[in-house]
Every structure is written in structure tokens, then in C-alpha cells.
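Visitor: Sequence:
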Amino acid sequence: MPIIDSILMELDQEAATTRRVLERVPEASLTWKPHAKSMSLGQLALHVASTPGQVAEIVTSDSYDVPEFTQPAAKTSAELLSTLDSGIASAKRILGKMDDAFLQRSWSLQRGNQVLFSAPRVGVIRTILL
Numbered sequence: 001m002p003i004i005d006s007i008l009m010e011l012d013q014e015a016a017t018t019r020r021v022l023e024r025v026p027e028a029s030l031t032w033k034p035h036a037k038s039m040s041l042g043q044l045a046l047h048v049a050s051t052p053g054q055v056a057e058i059v060t061s062d063s064y065d066v067p068e069f070t071q072p073a074a075k076t077s078a079e080l081l082s083t084l085d086s087g088i089a090s091a092k093r094i095l096g097k098m099d100d101a102f103l104q105r106s107w108s109l110q111r112g113n114q115v116l117f118s119a120p121r122v123g124v125i126r127t128i129l130l
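Just so you know, we're using my numbering here: the sequence shown kicks off at 1 and counts up by one.
Derived by calculation from the structure, the hints in this document are not laboratory data. Beta carbons: idealized from backbone N, C-alpha and C, even for Gly.
Derived DEER-like restraints, expressed as beta-carbon distance ranges:
(1) P120 with H47: 23 to 31 Å
(2) V115 with T60: 13 to 21 Å
(3) K33 with S6: 31 to 39 Å
(4) A28 with D100: 41 to 49 Å
(5) A78 with E10: 22 to 30 Å
(6) Q54 with S6: 19 to 27 Å
(7) S63 with K37: 25 to 33 Å
Calculated pairs, BS3-like style, for lysine-lysine (alpha carbon to alpha carbon, straight line, at most 27 Å):
(8) K37 with K75
(9) K33 with K75
(10) K92 with K75
Given the sequences, and given the hints that come with them, work out the whole structure.
Guide: Set out below in C-alpha cells:
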């Protein structure tokens, strides 16, 4: 069985669990922050919802340079679920095209010229996406 098949099965299981968690995020609390310096619940939840699609997208290249970024906040619970659904669909489409040789090639996360870490692409997917 190709490596990607087991990853896609795990992705389906994780997507169902993530959906159940996001369904329970109270819309009235999306602006709540656990600490003054923390992101809001809406930002944190949108980060979780958008991760599958974003991770699948960035592992298509051999490295990713971390940009300056401010996490947007979800405005509604429906936005969280639609973001998750579109991200999962995108991840399946992108990952489904990856063969074993591509998954075993090294991938690096960097900031400018500094390599923060490198690992086989399959390990990055399993660690960050799943």
C-alpha cells in the first residue's frame, strides 16, 4: 500500500475529531482570550480549522520560509466548519498526488537563511497535519 493511503485514512479520522471540537466552539465566545497576550478563541479555532489545507500546500515545495503573519479570527462558527471542510478537501487533493519517493524526500522549515528544522516530508505531514 502506498504511504499516502495510510495518511489519507488518518486524515479522515482526524478531520472527524477536529470537526466535533470546532462544532463545540461557542460563537458568542470567539472574541474571548485566555490571557491578554493570547490570541482570541476565534483566532485559535480558525488556526486549527485552516491547518490541513495550509500544511498540505506548503509541503508541496522542498522548503517553506516562515513569513510575518497575524492570524485572522473567525467571525462565525459556520466559518470555522467551512474552513475545515475546504482545507480537508484541498489536503486530500494535494496529498493524493504524492508518491512514496516524494514523501520520503527532505523538507525544511526556515526563516530567511536559517533552517529551523528538516525532516522527511512524510514525517512533517504526520507530525503537523495529523
